[in-house]
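One-letter residues, chain by chain:
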Amino acid sequence: MNRKLITGNGAAAWGARLAMVDYIPAFPITPQTEIIETLANWIDRGEMQGKLVTLESEHSMITAAGAAASSGVRVFSATSSQGLLYGMEMLYNVAGWRVPMVLVNVSRGLAAPITLEPDHNDVMAARDSGFLQIHCATCQEVLDSVLLAHRLSEHEDVRLPVLVNQDGFYLSFTREPVDIPNPTAAKQFVGSYEEENLAFRASTPLSHAVAVLGGGPYSYFRYEIHLAAQQALTVYDELANEFRDFFGRHYPQIEAYRCDDADYVFVMIGSFATKAKEAVDRLREGGWNVGLMRPRLLRPFPRDNFVSLLQGKQAVAVIDQNLSMGMGGILHTELASALYGKPDMPAVLASFIGGLGGRDITTQEFFEMVTVLRKAVASGETPPPRLLFTHNEFREVEKLQAIAHVEREELGQH
Amino acid sequence: MNETILRRMKDLPSTHLLGTGTPMCAGCGGLEALHEIYDVLGSNTVFVNAAGCMTLLSVYPFTPFRGSWLYTAMASAPAGAQGVRDALDILKQQGRISEKEDLQVVTLTGDGSAYGMGLSATSGTIERNLDYLYICYDNEGYGNTGQQYSGATPHGAQTATSQGRTGFPGYKKDLFAIWVAHQPAYVATVIGAEPLDLARKIEKAKTIKGPRFILALAPCPTGWDYDPKDTVEIGKLAVKTGVWPLKEYVDGQVVHTKIPREREPVESYLKLQGRFRHLFEPVRNDRLIADIQTRIDHYWQSVSEA
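From first to last, the protein sequence lines stand for chains A and B.
Just so you know, we're using my numbering here: the first sequence kicks off at 13 and counts up by one.
Just so you know, we're using my numbering here: the second sequence kicks off at 882 and counts up by one.
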């Protein structure tokens, strides 16, 4: 076994290398850049096949990625935050082209104000694009998910691009021990690229991504994307089982941690869920029947899986590391829509916003959240959404404001 | 460079490759140029298209192309060409396709994309020395949305967003010079009304590797407001008056391929188009007409002094 101490970015690069990708259109952006640097160095040193081309923007990068995939090669790319949004128009296009490719997004909060640290508003903005989404919590999972994502993306029942998400800094720059799969086994698992009926060749001319006139054909093609995304749930389960047979690690649609006998459940995505895991252990020591559900798949949304896992639970705290302005947490809204009207669902579905721009979520706050849940169960009423922010944090901001005022006064600009 | 085999009009291809029945406007000067270009290029091509009038050439389930087509987006057709070219090269290198299956990669956009939104993507392909041909049909405005002014609109022209008495206050951007500044493999201006000059340039461009650009002035009956039957006449006048210099850049040199020795006054070109009618009616705007003429004269003076 080849066990290495590598970062999440290193793990993403290893995933692409082991998937034997042919083409990597690239553009640097923090905190993703290490992925493309690593791949570029491997290719330059001859340790890896494939061609890496740096485009002049993410919009062009995703265009080139989709165009190359339409021509019959296996494509990998990576971006973050503003880059993902800059390329957003092309995410919708490439999904509509029905071409497989894998895009790693290293989550980072969106401007303004501009920041480098993570939250999930960037990847949530891509939610409706047609790219499937796999969310990771560990470096190992990043590597394994890239391999899984290529299979899922290229599956004949799916044929959609897949986005693999990891959190900036907390995974991208954090070293963890990672088992690097044997290249031969990886090659066997991923298989060779089959372009099927989609490729530009002199002998088989093809007009691709053409215009449609009228809502009928448009709806037909849009529905097809949706149905293919839904089929990805079954395909994903098959592939996750096959992956376990190959490599001994299993990644279900939703990771359920200490949930069997739990009354209260935290729901979170990404690496911050490891903080929730720690809190669950501590709360269990304190006698609380609490567990954690961490969906790995966000698109397609594992609706049925959630319904079956949450049956009979008393209360759920959804912790969103994103904020839809004027509405609240996106994962909370999605889960409410999935559970509504199903029998025997938790009576309380509370919403908490935390971890924006890399803000920590402390064990103490997880304790507070289950206390809120218990009170809500007693009163029978779900509390309004809570924006996690401590008194100390508020004082820190006030201090910064005071400094700003003093600076301005000293410069004589009142 | 090989001597041309296209010496006279009858040497031009007699088989026309682009199908009919497209929703382009009657008298479209862009379609005229594309017909002529496609005949010389041949069908072993994949057109990578940006949002514009010609996006409506391929409407599901029909296409007028015997070769391939990929629609991308307004800003990134050159990047689409990059992806296709790179993929075909990878496949050839790995022995997954034969040389016979290879295609010429051709980007096709209007001036809105070529002069503006797609310029950054274009510049990127040239700096990466991408082996592709870029064709711009330049109808001097955002034609598909009803002819608002673009970076390609000439001075004084009335458009849907420059309806004042003096028309568009800006000047047409010199996209030819912007390309030349990148030192690409080949750049040429063409017009459908001069098919022999056009065909020779496409013939030459086909033999060259690297980034190549064909800038076709595309007289536009709907956008320029004239009778569709006048497309060829207006195209010829664009050359005879010196408004549209036919030239090419190859091996580091700009050469004019058709110099109008006795230039007709620009008035004869302007008068045929509704977008310039305000220069003549209800009162003649001598100053603006002279301004347009002077800029043309200066251009040709600099050519003769070069």
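These aren't lab readings, by the way, just hints derived from the structure by calculation.
Just so you know, even glycine gets a beta-carbon here, dropped at the ideal spot from N, CA and C.
Some clues are possibly wrong.
[What the hints assert, rightly or not] Under 8 Å between C-beta atoms, here's a sample of chain B residues computed to sit facing chain A:
#1 Leu898
#2 Gly902
#3 Ser939
#4 Phe946
#5 Arg947
#6 Thr953
#7 Ala960
#8 Ala968
#9 Ile978
#10 Lys981
#11 Leu1000
#12 Ala1002
#13 Ser1043
#14 Leu1153
To see whether the hints hold, each was checked on the structure:
{"no.": "1", "hint": "Leu898", "result": "violated, 11 Å"}
{"no.": "2", "hint": "Gly902", "result": "violated, 14 Å"}
{"no.": "3", "hint": "Ser939", "result": "holds, 4 Å"}
{"no.": "4", "hint": "Phe946", "result": "holds, 6 Å"}
{"no.": "5", "hint": "Arg947", "result": "holds, 6 Å"}
{"no.": "6", "hint": "Thr953", "result": "holds, 5 Å"}
{"no.": "7", "hint": "Ala960", "result": "holds, 3 Å"}
{"no.": "8", "hint": "Ala968", "result": "holds, 3 Å"}
{"no.": "9", "hint": "Ile978", "result": "holds, 7 Å"}
{"no.": "10", "hint": "Lys981", "result": "holds, 6 Å"}
{"no.": "11", "hint": "Leu1000", "result": "violated, 10 Å"}
{"no.": "12", "hint": "Ala1002", "result": "holds, 5 Å"}
{"no.": "13", "hint": "Ser1043", "result": "violated, 28 Å"}
{"no.": "14", "hint": "Leu1153", "result": "violated, 32 Å"}
Checked against the numbered hints above, the structure breaks hints 1, 2, 11, 13 and 14 and satisfies the rest.
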